[in-house]
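Participant: Residues per chain, in single letters:
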Amino acid sequence: MVGRRANKGKAHERRAGRGSQWRAYALAVGAAGAALAVLIALVEAGGDHGGGVGTPLPLADATADTPLRSHILGDAAAPVTLLEYSDYR
Amino acid sequence: MSVLPPLEEEFVTSGRLQLRVQPIAILGGESELAAQAAECAGEQGSFWQYSDGLFASQGAGEIAISQDSLKRLAEGRVADAAAFASCLDSGRYAGAVKAATAEARGRGINSVPATFVNGRKVPATVDALRSAILEELAGGP
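Going line by line, the protein sequences match chains B and P.
Those letters in the first sequence? Residues 1 to 89, per this note's numbering, in order.
Those letters in the second sequence? Residues 90 to 230, per this note's numbering, in order.
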């Protein structure tokens, strides 16, 4: 009886252990999904490089919370492009 | 100080040149704040008006850079001054300005303005840039 009760206890522990494993697995899947959603949002936010006025430059936008924008003036088809890095102080 | 305005009239209006400006901050905390302010103005399509005003005000010694002075400068230059103030207060471009600055330093840029014509680094003087632009228009250096 005692032995059976002990065995029941072990079985309960095993079930509990499997439950913990499933919870950990579910959490891992959820975290991976969230990370994928963030990655997709970042890609979409930076997806219009090289377009018209106010489009982000490739630089820095993968590491920043809010991407910087390359401020553009003039015809996108112009044969010459002048890029200026500027400090506003 | 930007070297772009003299070139804008000469080349941009005729469709021969496209100007791109990337704000960075290599001169310290005030630079970072000013770059963030320019980005916040850019959210409302007022980047050029605001940055011109910022340069002019500093050149005339009319402004010491601070949150308040940058907000005052936005009045009349952006459509929604309250939204501009909210943007600046949020600091939402702070990380991006730091990252852009780090990347620029990684490219060897340690003074401003730093200018590139069709990807070629050119001294940031009106004469040097004009020559480089004319070379490119003539088919390359």
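Quick caveat, the hints were computed from the structure, so don't treat them as lab data.
Keep in mind the model is a prediction, meaning the values are calculated, not measured.
C-beta: ideal position from N, C-alpha, C; glycine also.
Do not rely on the hints blindly, as some may be mistaken.
The following label-pair restraints were derived from C-beta to C-beta distances [stated by the list, open to error]:
no., chain 1, residue 1, chain 2, residue 2, range
1, B, 76, P, 228, 19 to 29 Å
2, B, 77, P, 98, 31 to 41 Å
3, B, 75, P, 118, 33 to 43 Å
4, P, 215, B, 76, 17 to 27 Å
Rough simulated footprint, nothing fancy, chain B against chain P, three-plus residues with beta-carbon under 8 Å [claimed, not checked]:
no., segment
5, 127-139
6, 149-158
7, 165-171
8, 200-206
9, 211-222
Participant: All hints, please: hold or fail.
Facilitator: Evaluation of the provided hints:
1. 76(B) x 228(P): 19 to 29 Å: holds (21 Å)
2. 77(B) x 98(P): 31 to 41 Å: violated (19 Å)
3. 75(B) x 118(P): 33 to 43 Å: Distance hint for residue 75(B), residue 118(P) holds at roughly 37 Å.
4. 215(P) x 76(B): 17 to 27 Å: holds (24 Å)
5. 127-139: Contact hint for the segment 127-139 of chain P vs chain B: holds, 6 residues under 8 Å.
6. 149-158: violated (count 1)
7. 165-171: violated (count 0)
8. 200-206: holds (count 6)
9. 211-222: Holds, because 3 residues of the segment 211-222 of chain P bring their Cβ atoms closer than 8 Å to Cβ atoms of chain B.
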